[in-house]
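Undergrad: Chains A and B, in that order, give the protein sequences.
Everything in the first sequence is counted per our numbering, starting at 1 for the first residue and increasing by one.
Everything in the second sequence is counted per our numbering, starting at 1001 for the first residue and increasing by one.
These are computed hints drawn from the structure, not numbers from a lab.
The structure presented is a predicted model; accordingly, all values stated were derived computationally and were not measured.
By construction, the Cβ of each residue, glycine as well, lies at the ideal position given by its N, Cα and C atoms.
Do not rely on the hints blindly, as some may be mistaken.
[What the hints assert, rightly or not] Dumping the calculated PhoX-like pairs for lysine-lysine here, alpha-carbon to alpha-carbon at most 20 Å: (1) B/K1057 x A/K31; (2) B/K1057 x B/K1127; (3) B/K1057 x B/K1084; (4) A/K35 x B/K1127; (5) B/K1057 x B/K1032; (6) B/K1084 x B/K1186.
[What the hints assert, rightly or not] Take a look, some chain B residues computed to stay more than 10 Å from chain A by CB distance: (7) M1094; (8) E1138; (9) C1167.
Residue strings, one per chain:
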Amino acid sequence: MTIHNLNPAPSSNDDALSALVDGELDDGEAKAALKAVLGNARDRDTYREYCLVGDALRGYHHDTPNLTDRVMSALEREPTLLAPMPARSPRRPALWLAAATVAAITWGLWSAVPREETLAPLAANQPPPAGEAGNIMPYLAAHQDFAQAVVAPSEMRITRVSLAGADQ
Amino acid sequence: MSDREIDLQLVERVRNGDKQAFGLLVDKYRRKLLRLLSRMVRDPDEIEDIAQETFIKAYRALPQFRGDAAFYTWLYRIGVNTAKNYLATRGRAMPTVSDQAMNDDDEPDERLMAKDIGTPESELLSKQVALAVNEAVEALPEELRQAITLREIEGMSYEEIADYMACPIGTVRSRIFRAREAIAAKLRPILGTSEDRRW
């Protein structure tokens, strides 16, 4: 890898490469710049040079410039990777968030609004209207005998039944 | 697209069969990795061998890289393990590297590590580079010097620099680009003398 054979005159694309090194391009620009770096030797050298300038400023002076060539030569003996990264859906978290919000609101409304099932027992505990009480009394009086038959087992009639031929 | 996302893009390209993209990652991180390894291994030839092995191991393990951590954090762990194994097979212990620096799950803090170890030649070249960079930065107009310093040394975003310098983001981008070009022009004669020289 050499960096001294670069064209010293900067091109208009070098400005974009500088911003690429800083991670300051939007997605479309960054993809285009990366494509240029990977497809154009001059842009690739410029990109390398800008990385080097940054490292030099941060004090990373220790370097082996031919290390990249050594690694790339060694990689020629390695199989080419074909393991695409699983697709990342940026909308998925938003969908989960929306679903969770809707569920929370629904649950809140369901809890807050009184429903018929919960009102029914309360209504049953209320004393019947005076008119209804007057109408039901004859009905209860007429069925009182049946009510005693159930609650008083001593009065239940027991009939012994024998099956013909059961002793055979 | 952030720096981390750019690395992820490059990783994705490598995983789709583009080996050249891995070369960019090597160019981007080799100095950082060499600096790390130089704190664990003394011999410069061994450092280079371990660095090369680290990158090859990283390439082979790339299908397992999920992008949960930054690429360099992942590479850092591979580098440390490779160096440890290298030293263990030779019955040597790691030199003074603090546990705090080695076990950090986030961006490793190399400031916590021991002092640089290098050959006299590499130290001389390092001094030449440092001198050239200092001279280049000193020679920059004030607004360019401030912009490149805030970006490269302080790690500020273009937006933060624009706020600080009270100028549009486009101006910041232009100033940083011009500063980079000026510094690169000063470094070219030194770095171009021999591509095999370590600096």
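Undergrad: With 10 Å as the threshold, tell me whether B/E1138 passes as away from chain A on beta-carbon distances.
TA: holds, 13 Å
Undergrad: CA of B/K1057 to CA of B/K1127, is that 20 Å or under?
TA: violated, 32 Å
Undergrad: Take a quick look at whether B/K1057 and B/K1084 sit within 20 Å of each other, Cα to Cα.
TA: holds, 14 Å
Undergrad: At 10 Å, judged by beta carbons, does B/M1094 keep clear of chain A as stated?
TA: holds, 18 Å
Undergrad: Would B/C1167 pass as off the interface with chain A, using Cβ distances and a cut of 10 Å?
TA: Correct as stated: the minimum Cβ-Cβ distance to chain A is 15 Å, above 10 Å.
Undergrad: Is the straight-line distance between the alpha-carbon of B/K1084 and that of B/K1186 20 Å or less?
TA: Violated. B/K1084 to B/K1186 sits at ~38 Å, over the 20 Å cutoff.
Undergrad: Taking only the CA atoms, is the gap from B/K1057 to A/K31 under or equal to 20 Å?
TA: Violated, at about 27 Å.
Undergrad: Given the hinted pair B/K1057 and B/K1032, is their Cα-Cα distance within 20 Å?
TA: holds, 17 Å
Undergrad: For the pair supplied as a hint, A/K35 and B/K1127, confirm whether the alpha-carbon distance does not exceed 20 Å.
TA: Measuring from Cα to Cα gives roughly 35 Å; hence the hint is violated.
Violated hints, in rising order: 1, 2, 4, 6; the structure is consistent with all others.
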